[in-house]
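Undergrad: What follows is the residue order along each chain.
Protein chains: 2
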Amino acid sequence: MSGANTGAQKHPLDTFFSPSSIAIIGASRDPVKIPGLLLAFLRKNQFDGEIFPVNPNYPDIEGLKCYASIAAIGRPIDLAIVIIPARAVLGALQECASVGVKHCIIISSGFAEEGGDSAGMQDAIAALARKTGMRISGPNAEGFYNEAKRVAATFSPTVDVKPDAPRLIATRRRIGIVAQSGGIGFAIYNRARALGIALSYVISTGNESDLGAGEFFDYMVQDPSTDVILLFLEGIRDTEKFLAAAKRAAETGKPVIVTKVGRSSAGGRAAASHTASMAGWTAAYDAVFAKYGFIISNDLDEAVAIAAVLTTSPMPKGDRVAVVTVSGGAGIWGADAVSAQGLQVPELSDSVQTTIRGLIPSYGSPRNPIDITAQAVHSGGLQKTIDLLNESDEVDSILVVISLSSETRMPFKVPELKPVIDTLRKPIVFYSYTLPSQYARTGLAEAGAVVLSGLTHVAVAIYQLIQRAKFKLAAPAAVASLNGALPARIGSAALSEYDSKQLLRDAGVPTPEEILVTERGALGDAIKRAGFPLVMKIQSRDIPHKSEVGGVRVNIASETEASAAYDRLLANARQHRPDAAIQGVLVGPMAKKGVEMIVGTVQDATFGPVIMVGLGGVTTELFKDVVYRPVPVGEAEASSMLQELKAWPLLNGFRGAPLTDVPALAKLVAQISQLAARLSGEVSDIEINPVLVHPQGEGVTVVDALVVPASRKGSA
Amino acid sequence: MSGANTGAQKHPLDTFFSPSSIAIIGASRDPVKIPGLLLAFLRKNQFDGEIFPVNPNYPDIEGLKCYASIAAIGRPIDLAIVIIPARAVLGALQECASVGVKHCIIISSGFAEEGGDSAGMQDAIAALARKTGMRISGPNAEGFYNEAKRVAATFSPTVDVKPDAPRLIATRRRIGIVAQSGGIGFAIYNRARALGIALSYVISTGNESDLGAGEFFDYMVQDPSTDVILLFLEGIRDTEKFLAAAKRAAETGKPVIVTKVGRSSAGGRAAASHTASMAGWTAAYDAVFAKYGFIISNDLDEAVAIAAVLTTSPMPKGDRVAVVTVSGGAGIWGADAVSAQGLQVPELSDSVQTTIRGLIPSYGSPRNPIDITAQAVHSGGLQKTIDLLNESDEVDSILVVISLSSETRMPFKVPELKPVIDTLRKPIVFYSYTLPSQYARTGLAEAGAVVLSGLTHVAVAIYQLIQRAKFKLAAPAAVASLNGALPARIGSAALSEYDSKQLLRDAGVPTPEEILVTERGALGDAIKRAGFPLVMKIQSRDIPHKSEVGGVRVNIASETEASAAYDRLLANARQHRPDAAIQGVLVGPMAKKGVEMIVGTVQDATFGPVIMVGLGGVTTELFKDVVYRPVPVGEAEASSMLQELKAWPLLNGFRGAPLTDVPALAKLVAQISQLAARLSGEVSDIEINPVLVHPQGEGVTVVDALVVPASRKGSA
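Heads up: the sequence lines are chains C and Z, in that order. Heads up, the first sequence is in numbering that gives the first Met the number 0, so the first residue is 0 and it goes up one at a time. Heads up, the second sequence is in numbering that gives the first Met the number 0, so the first residue is 0 and it goes up one at a time.
Hints in this document: simulated from the structure, not taken from any laboratory. Incorrect hints may appear among the rest.
Copies of the same chain are indistinguishable here, so a pair counts whether it falls within one copy or spans any two.
[What the hints assert, rightly or not] The calculated lysine-lysine pairs, modelled on DSS-like cross-linking and capped at a C-alpha distance of 25 angstroms, are:
hint: 1; residue 1: 148; residue 2: 253
hint: 2; residue 1: 527; residue 2: 9
hint: 3; residue 1: 383; residue 2: 32
hint: 4; residue 1: 32; residue 2: 412
hint: 5; residue 1: 623; residue 2: 645
hint: 6; residue 1: 471; residue 2: 9
hint: 7; residue 1: 527; residue 2: 645
hint: 8; residue 1: 471; residue 2: 645
hint: 9; residue 1: 666; residue 2: 591
hint: 10; residue 1: 645; residue 2: 469
hint: 11; residue 1: 161; residue 2: 32
hint: 12; residue 1: 417; residue 2: 161
hint: 13; residue 1: 64; residue 2: 32
hint: 14; residue 1: 161; residue 2: 592
hint: 15; residue 1: 316; residue 2: 417
hint: 16; residue 1: 645; residue 2: 246
hint: 17; residue 1: 43; residue 2: 130
Since the model is a prediction, treat every value here as computed from it, not as a measurement.
Working from the sequences, and respecting the hints, build out all of it.
TA: See the structure below:
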């Protein structure tokens, strides 16, 4: 056995996942405890390379020669699995490095997750990897399983081999699993295996002292034996590798299903302590996932159902679903379930209905849902209907809703069904409303189909398949939409609205014509330039929230009112914030009417700045209608963000209202995102709230803006 | 064997579900076809009453004497199962009635679902039942299964008995299932059975010629052996019985889980043809379900998970959940999942954490999620932690997140766990992230617990349990809030805004002071009474949508403007609707500011008028933030409708805004609902759009109103 990808370019981790030789440091004769399980699972799964147990206390274990030390082996080692007390690990690794071991997995616990001195030991391990080039996974890891090569480098009971249970394989394509929790990683495998989904690898990444989730993800992206990737994430540590892999997956079209936990306050609290890392801000993760077309799933069975559909189906051309059933009620439910995901279940044309009518009894229905009845199924009607729907251009995918609980009878002949499925150019999904029997699973697996048993999950999986088929990676942002010159250094002082708008203007973002009046005598001139009706706002770097101090006056219609407003704004500021340094009063024209939106950026600890756009006003908080992306975004990507909003119709001529200037808003979003990217490190947040979007061709108005320097975060 | 409820009051359907004698009309020797399966399943399930096969072609079947006719039996028959060609059914039923058979189930198809003559045969069956008092279920039914008495009056393969598979029973309480689809009804049973949930009855209602879903539902509500009811509905036919049963279930506190299909256009289309009945308007069904505290579930596994929790758990006192786990990642996911349902996963107090710390190793976590680690589980830590959480007043329910896939080992001793669960005063739910083994299911069933395997379903089930614990049936509406006198007869003519408001005012609903100006000369007087600024609106019974014809002018500030507006309104109406008969121009004061809401009623074909309240303006359509109830509602129920709105914070002092006059809005909702109830039949819709809700104590303003007579529905 050599590398995993014979003929393909070699990858340094090929010998990690497909080693020719494995040493178990800390091997044991006890077949129940973890060290013993590691050896037992490797052998039961018929690893066909060499195994070298290492333990000075035994001359041999289970018929294998046991070595006193790694050096005593005297043979090249691709992978060492380390399962000894934490204090002894670093020494063992040094010995591994000195004899040229290529990779290690540290199963042992008691490192960063314990804090204190133990965290220091993990740092030393990381340093050793950097110094020697020996790659290290873990500590606190559960190892991996390479199903194709039968390498069970793990103690997970899910790889224990049951001699009487043949492996069900329904898919030609394979999933790869990268999990920041061994328990969950192998649980995904456990459930996928039960459905008959083939696996390339499942890896539990542990504390990631050296090899991290991002790098393993990257391996699976380039690996030709992995077709669909499932990620279980608590918090990414090797962010750059992760992002590079994400981009590569998007470019090559390899689907990624991701579960990110730590979304809730309780979950985040636990994730932070569990992995000794930042759980990260969920919206930033989701922004990155959205950018690269990842399929987000927060449910194990749902994620596996999506994987099942992705590994068995071609990409659909549209969102029209045919529901084929043998039970009226179940078919209606199926139609409801896919419709609830926003998909179409169109009534079929008369000609297709007529053809179907020829295949089914009179009490069936050819309309869609298509009730072919149990009788027609038994006379081969299912295969014929599927064939017909495959040829028809009226539907894009097929959902079969059927009962597959019988242990002795199947509602179709596998040799008849298999060629139909083999030649299918559309996705087909089998859902059984009764619990599917192993007999039915086996028969359908032979035909190349997976049987799913959760209807909502099935509908979500079809929806996600359609979304995936439509996904296009956005073009890189054209930086030309900002001025070439960087704005002056931000410094650490707070910025007022006036300063913030000045910064935006310098960068090339259009802001309204406004005049900062710093002495009463200049008010008349400002009024002349702005024109009634006016808005007047107090400006002070010490007053970030002007309305809270009575610092805003709108709809000022005369010089008398303006004069009174000027005095009032200053008096209010002096009253509420006696120590504030006042810049002056900003005078500008009232903005034209428009749809009120909010645009902003936030600095995320893992991914850097993230741009947000949403419906403004009270609805922002009530309905949480906002969309995020990592910066920078181009105008096309910004435009597609807008279309993801529930409020998109408001921008797009809702109920006969005029179309708004979407291109101008998209340009603003792109500009702000690019500005945040440029100023990352200097600026923490940019908030434009609100921006008014005017009718088509009339642009947008940045009504208020606030740029928060990185050093001021939290002080406002 | 006699009736089901020995000691309790006899119910006429006791001998339907628990018959002492069963005749099978159309019995057959073929054990594979439906008539043969009926006999086989009855006997395999060990029905302990008498079985009389009826078929003139055989002297005996499977060792039982076979009779040439029902009359030939000469013994009392509690239940006849009819499985003969459709054309022969009515004659067989007449014979049954003549010899005093109590109940029949017609399995045969080919009646209303085929239309035409076949529908007529079903009508004759219904008439026979009414005339003779013999109760008839079906036709086109799949029968029922009474698990406690082992009566398998069905051909569903899910009741086929496997000698090597002992029935898993984890619950003391039993579910009853009423399904308008045999396939789905028995699929619910199939899945519930796999989890170890005990069953009273599952009944498939077929075409409901006589006995309908409502009446079966009613039977289960009064039946002491049924603790939780699951309904699968396409469209209710016996509405009054259904509503009476729903009310009784709510009053007695028996939980009901309901799935209503035909929600989508495709599903509704199929439901209408499948059951030869109205699928009904989903919002009306949901309104009824909400009124009676039904738990709505649109997923089979989710519904069964909710049933599992309801049959094993006491009611929780609040929404604080403890998540106990052995895997960090899985625990985080568990915390996320319950948090996503809006439940609390509070960090435990120092003192509780300290106690838990004593039970678990240093690398565990006592915070919540509580990671007790695999090590602590094996030393009995799970039972001790559960005991501790049971005593603590910091959490209200317990979610155990664990791996139960092993076929040979259990992470706890059943004899230790059972007493802990037996004495628990809080709900406990077991979720296995790996697929649970039959071994683990059996062990936990002995301890009285069900193992669930869908995390989202688990979280929803806990949420629904908490909602159910909080549910209180609203008090009947006090009709006193309307004037005693009925408004004048509506008639068939369309109503203008003026007419509609007049009708509301007559009924006692406060409307603004407005003057209908029918000649120019009266305008000045009207202005004097209303006061500037004014609103002026054209009034015509032929113009239901005034703004479409330029028929509304607002913010009129002077007599000159008012005069011009008067002319303009009339001119616009004449231009756009030259044939419209003009009533005049309605002149009133501009309304004070307020939160814009919409209140309305719609006439549903199944349940009659339904009242709706929602956030007005653009958000109504964009975010679909509306709540429905069947009419009439009282003010308390109207108030709780308002609290269900996502927009409730807007009425309730959102972001420091003043509280609004919620009592006035609730009173309006109650009044409109009561008016719709009174005028049901005469009026189809009432729409108040918008109504402005002013600050506390300042009431509401009905800005616009339209009452649509029943005869005019669709003509506007």
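Undergrad: Just pull the numbers of the violated hints for me, sorted ascending.
TA: Of the numbered hints given earlier, those the structure breaks are 2, 6, 7, 12, 14, 16, 17, listed in rising order.
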